Amino acid sequence: MYAEFGHFALILAFTLSLAQSSVPLFGAYYRDRKLMEFGTTAAIGQLVFIAISFAVLTYAYVNSDFSLQNVTENSNSAMPLIYRFTATWGNHEGSMLLWVLILAIFGSAVAFFGGNLPVTLKARVLGIQGMVGAGFLAFILFTSNPFWRVFPAPMDGTELNPMLQDIGLAIHPPFLYLGYVGFSMAFSFSVAALSEGRIYAAWARWVRPWVLAAWCFLTIGITLGSYWAYYELGWGGWWFWDPVENASFMPWLAGTALLHSALVMERRQSLVNWTILLGLITFSLSLIGTFIVRSGIITSVHAFASDPSRGVFILALLALAAGGALTIFALRAPGMRQSTPFSPVSRESSLVLNNVILISATAVVMLGTFYPLLVKTVAEERLSVGAPYYNLTFVPMMLVLMAVLVIGPILKWKRDRITEALGKLKGATIITLVCTLVIMAATMGEHIYAALSLGLGIWVILGSFAALSYRIKLFKVSFSRSWEMARTTPRSVYGLFLGHAGMGFMALGITVMTVWQHEELGALKSGGQLDLGSYQVTLDEVKNVPGPNYQAERATFTITSGGETISSVFSERRFYPVRGMQTTEAGIYSNGFVNVYVAIGEQSQAGIAVRAYYHPGAPWIWFGPFIMAIAGFVSLTDRRLRVGAPQRSKTTTGEASLAPAE
Amino acid sequence: MTIRTFIAVQFLISLLVLPVHAIQPDEVLEDPALETRARDLGKVLRCVVCQNQSIDDSNAPLARDLRILVRERIEAGDTDEQALDFIVARYGNFVLLKPPLELSTLLLWFGPLLILMISGSVYWTLIHRKSANDIAAATPTPLSDKEQRDLRDILGKG
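Note that the protein sequences, when read in sequence, are chains Z and X. Position 10 of the first sequence, counted from 1, bears residue number 10 in the numbering used here, the numbering being contiguous throughout. Every position in the second sequence, counted from 1, becomes a number in the numbering used here once 1000 is added.
Hints are supplied without guarantee of correctness; some may be wrong.
Claimed, not checked - Distance condition first, Cα-Cα at most 20 Å in a straight line; then the derived SDA-like pairs of lysine to any residue:
| hint | chain 1 | residue 1 | chain 2 | residue 2 |
| --- | --- | --- | --- | --- |
| 1 | Z | LYS412 | X | TYR1123 |
| 2 | X | LYS1098 | Z | ALA379 |
| 3 | X | LYS1098 | Z | PRO372 |
| 4 | Z | LYS376 | X | GLY1092 |
| 5 | Z | LYS376 | X | CYS1050 |
In case anyone wonders, no lab produced these hints; they're calculated from the structure. All figures in this text were calculated on a predicted structure; none of them were measured in a lab.
Same shape as in the complex, but just chain Z (with noise of 0.2 Å):
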């Protein structure tokens, strides 16, 4: 009885949200405060009723229940806890329901603390959200409903894809969504402005935090993703370009867009058409990536409930969002236009910079992700677009933006000379120099394209370094003046800066270790050794071992450095015989610098297959991107950044202007 509880509050949610959809629009159009108010009661309202249904199904999976027919299919009484509460979202149906908590969980956020937003702007921005979730909603009532039951209800489910069943997997949905989500604000509030005809100077300010919210939980998405497949599919890869990866990469590409064009629209009131366009663009690569992961258009081990009925409704609803969104923005866009003028030597020609290249990236990759769907539509050819193919198009754009990610920063607002920018880099320039010359010569000239990239990141790092030292004049005043200076530095900038320096580690780490790993496989017995060079690795012993609710088949072994021991792993393989499919778990060692990677195959004859893998650089990898993240989190602190803070905002509406703060 308990799940129809669950089961009609998610319809209550979706009433509440036609509702939210329509009432505070209408209240904006002829003033009426009462109308618009029910916009905060009903966001209120969503996040309850959504949150009652979720946790029904959370309920229902942790105790079980297998009655419900989406439970039986994803859930298995043997799973450990964690799993059968995780199992919640490891599934088409949960997953779908944990994106609308989550926009709820935006909603209604907008609805606490937009007390500071003007009272029409704050009405069509939740009437927007309203729309999503409505959408969204029906979606999971009509195609996806997680609460119908089964009857008889089988004594036992099928258990979640053991593939699922790892940790660092089961929190990888949550932060997607959360940055996915997120986005959506800039959405609403994108379309808000535009069906308000006009932008307030603080519109920037307002939206930009919750994009950076999002930007940091989608990083953090991206990154957990990237090194459950390094650990987990036993091969030591870390990114496919496979198209569900690329649909996730693509809204963080113009994401990252969006929050630098916020900040040119935030500081110099320029941009702001473009600004407004990003937001639209990034949540709608959010939705095209919702497609292509539950429509199952493109074949993918994220595709975990691939159904083309469910793919025509979120096309339809994309078709909607997006194409309404674009529809107003070319109606509304051209008689907003607002530019403040600076030079092309500028923090703003630079920005600009910076989306042209990002941008031109998300196209990239859009291109390589739908190629072979369009000649395999066109020409009924099936082609494979893969690594290859972004390397010799998407990486090359990445080091440009590098280059410009350093001297962007150092760049006054409005105008600047490139040489004078340069002198402040002096020093970090001359040593990336150094550096990279003695890597080209200690190499002799084999890896130049590894050196340059190399150079680019360290002088991303350094440079980053030099430009907050040049800030606090370290070492050109005293000391404690410094100090001084670095306390009342604000935190965003403290972001900036980190941001970009985890960017120049994770290229370095990449360079590295697409450059200088290695491998040795062998047939092992116990004892037998495989020799990486630097370090050696030695089987100890392999024995099965029983899990909660599967068998491994576990290997330990022994790397030894120089003749010394310094650490034990062991790799497993194993196997969950309810869905009858076989998993990997790696065996690493790290230092910080260098991982030793040990995974097991086949027991023959002649023992067990082990590869083993040298990754020098390969911790940065994911070191970089958590760094950015952080980066993200810093600047959230940001006085000047804080939501629902009190604002000078309320003031400055129309075309009043924002002092820049630097």
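Based on the hints, put chain X in the right spot on chain Z.
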């Protein structure tokens, strides 16, 4: 049969029938030079039943067959191109992770260039239009007659 032995039996069966792991020791060629060539080819060939995984990285039996096929061709004295042609002739362009430049892939390969040209020109016009605005901002439009009159009124009153 208890559940535990059932699981154990299933487990043993699984070892016989389940997909093998990525490159196996028994596949490796004796000659390191030939093996290196096989590895390089393995990186650009797609495991046709997987998601954008190369045959070297895949656990699928089909990937293993392809790896062995590549090694057979190389041992038979094929050049890299001949070996690739041999495989493409059987599996189509789908096995190539890097699609060849053909009529059907023109847009794929020149698309990025096109995208860069468009966005580059947008960037160019943007920074130049801005500087034109700059000049416009430096020379304000003269006041209209009405504004002149208003100004005189205000000044007269002040």
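Each hint, compared with the structure:
no.: 1; hint: Z:LYS412 / X:TYR1123; result: 19 Å, holds
no.: 2; hint: X:LYS1098 / Z:ALA379; result: 18 Å, holds
no.: 3; hint: X:LYS1098 / Z:PRO372; result: 12 Å, holds
no.: 4; hint: Z:LYS376 / X:GLY1092; result: 13 Å, holds
no.: 5; hint: Z:LYS376 / X:CYS1050; result: 17 Å, holds
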